[in-house]
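*Asks:* Full structure from sequences and hints, please.
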Amino acid sequence: MKKFFTTTFACVLGTLIAGMIIILVGVFSLTGIVASSASSDTTYTPQKNTVLKLTLSGALDERYSDDPLQNILSQSESSTGLDQIRRAIKVAAENDNVTGIFIDARGMAAMPASSEEIRRLLANFKEETGKWIYAYADNYTQGDYLIASVADTVVLNNIGTVDIHGLGGLQMFFPGLLDKIGVEFQIFRVGTYKSAVEPYICEKMSDANREQTMAYLNSIWDYYTEAITASRGFTPEYLNAIADSITSLRSGDEMLAMNLVDTLMYRPQFDEWLKTKVGIKKDKEINFATVEQLASVPAQKNKSKNTVALVYAVGDITEAGGDGINSEELVPELTKIRKDENVKAVVLRVNSPGGSGYASEQIWAEIEAIKAAGKKVIVSMGDLAASGGYYISCNADHIFAESTTLTGSIGVFGAVPTAEELMTDKLGLSFDEVRTHKYGNVLDGSFIYKKFSPGEALAMQRSVEEFYDLFTRRCAEGRGMSQDDIKKIAEGRVWIGKTAVELGLVDEMGGIDDAIAYAVEESGLQDYKIAVYPKQKSSFDRIMEQLGSQARLSIVSMILGEDVPYLKALREIQSWDPIQCRMENIAIK
8 MKKFFTTTFA CVLGTLIAGM IIILVGVFSL TGIVASSASS DTTYTPQKNT
58 VLKLTLSGAL DERYSDDPLQ NILSQSESST GLDQIRRAIK VAAENDNVTG
108 IFIDARGMAA MPASSEEIRR LLANFKEETG KWIYAYADNY TQGDYLIASV
158 ADTVVLNNIG TVDIHGLGGL QMFFPGLLDK IGVEFQIFRV GTYKSAVEPY
208 ICEKMSDANR EQTMAYLNSI WDYYTEAITA SRGFTPEYLN AIADSITSLR
258 SGDEMLAMNL VDTLMYRPQF DEWLKTKVGI KKDKEINFAT VEQLASVPAQ
308 KNKSKNTVAL VYAVGDITEA GGDGINSEEL VPELTKIRKD ENVKAVVLRV
358 NSPGGSGYAS EQIWAEIEAI KAAGKKVIVS MGDLAASGGY YISCNADHIF
408 AESTTLTGSI GVFGAVPTAE ELMTDKLGLS FDEVRTHKYG NVLDGSFIYK
458 KFSPGEALAM QRSVEEFYDL FTRRCAEGRG MSQDDIKKIA EGRVWIGKTA
508 VELGLVDEMG GIDDAIAYAV EESGLQDYKI AVYPKQKSSF DRIMEQLGSQ
558 ARLSIVSMIL GEDVPYLKAL REIQSWDPIQ CRMENIAIK
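This note's numbering applies: residue 8 is where the sequence shown begins, and numbers increase by one.
Everything hinted at is true.
Quick list of simulated restraints, FRET-style, between CB atoms:
id	residue 1	residue 2	range
1	Glu427	Glu261	54 to 60 Å
2	Leu465	Gly183	27 to 33 Å
3	Ser72	Leu477	32 to 38 Å
4	Ser437	Leu177	37 to 43 Å
5	Arg217	Ala327	33 to 39 Å
Subject to a maximum C-alpha distance of 27 Å in a straight line, what follows is the list of computed DSSO-like cross-link-like pairs (lysine-lysine):
id	residue 1	residue 2
6	Lys133	Lys55
7	Lys346	Lys378
8	Lys211	Lys596
9	Lys133	Lys505
10	Lys284	Lys55
11	Lys97	Lys55
12	Lys282	Lys55
13	Lys346	Lys310
14	Lys60	Lys289
15	Lys291	Lys60
16	Lys60	Lys284
If you are wondering where the hints come from, they were derived from the structure by calculation, not from laboratory data. Note that the Cβ used here is the ideal one computed from N, Cα and C, for glycine as well.
*Replies:* If you want it as structure tokens, here you go:
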């Protein structure tokens, strides 16, 4: 007991010290943070011979968010916003002082649909403006190469490589670990392909999951093949042969011989070469503009009251809390938009693997109300609009998706963990209970230390099946199809955007700009402005939130040490609602 109090006191004291350090760091860095925030709000004016430097590095997010505290506490690269890239390329196309785009490929973490959109924007830039695009990398990742291959000239470091290896998916399975610690998942689901629960009950992919995963991976690779071969001028068979040759372990000379790149140069040589292309003297520096700088160039002022609301719905769908799609926050936001007489149309940008079935229904209902108010609702799907992500999309007036968007996954499951064996057999705990009725303690947390009774399990399965019926009915109503036809392509199966169009789940291929243009045309607007929702949090609010979370993390880390990741995973599962509309988590590489 004495050791316990000593350890506890040390943890508390350490936490207080850590907290004071964090506060001091915040105080001493506050001036820099404020200055940084202020500078990010200033606009940039391109000078003659400006070159947009599109750096492909770090993580790619839907929206850019300047996070000054994270920059102080973390050594990792900050993320790039797809919205910023979109805006920067548009400015580069329209501004006469911008002569071209330099793609500096350094390894960006992006899913296929986002890479597809960036590549399309760059291809349009070349075609519509006649301006140049040049690309350079010390080593091209496969994702970066998909984007960079659109360039007029693709340059590689003399001893660099181009990694072309095809696509694969990796999934982790937990039953072996769960058996050791005495935890079991009670699973209730509808849908042969609804595989989000498999990591907790299987040791490998089911045949159905392997079938659907291979289907969409092959389809995404078909897009890669079509795009790269169109740019580089060789056949699909040739590219597939290259993918089987482990190019990442071959030399730069071989990359050149394979026609994957146009020339080899070290970076200093490339810098001098680029100066000649820009048309400046060797003793001058190229006037590079970052994505952030060019994105800050103000658009032409628009005094129109007609507004198109661009609403971002990104992340896991929950009822409350979390960093994703929180129905308790998003629904009131949508309600305000519905009641705003100046808002004439809504473009809902969805990038979500799904989540809470209850929260998805709340968002669906408010979208239905917006339509009933006479406003068009157009959906633009990003990387993912699956399961709950499709639920909140299905009743839109029109749906756009990238050809490599992952969507569908119309299925439902419930996953309830029980630690009965851990509690009783391994830890030696015992429990007793009282209740006035047969199911007086159902779903109140007691399932953690005991399994469902047959009656409770039956009720849970029935609830999942009823919600599946509701889900498929919502899809049928929204898409103008019969419920039986929806069920034939549902069963939890994931489809890529191109196939989803053929199946009637999506209307056409395109990105946010296409969705906005469609909304404007369908609403009969001659003049309009775009308002983005939800509003980004201020730097101060983000700092306060992260200071709080950092303090909590410090306490937990001191007590649990290297076991923190397991606690975080358990907490995530515990936060799930009983009824989940969620796609499986698989890493595409």
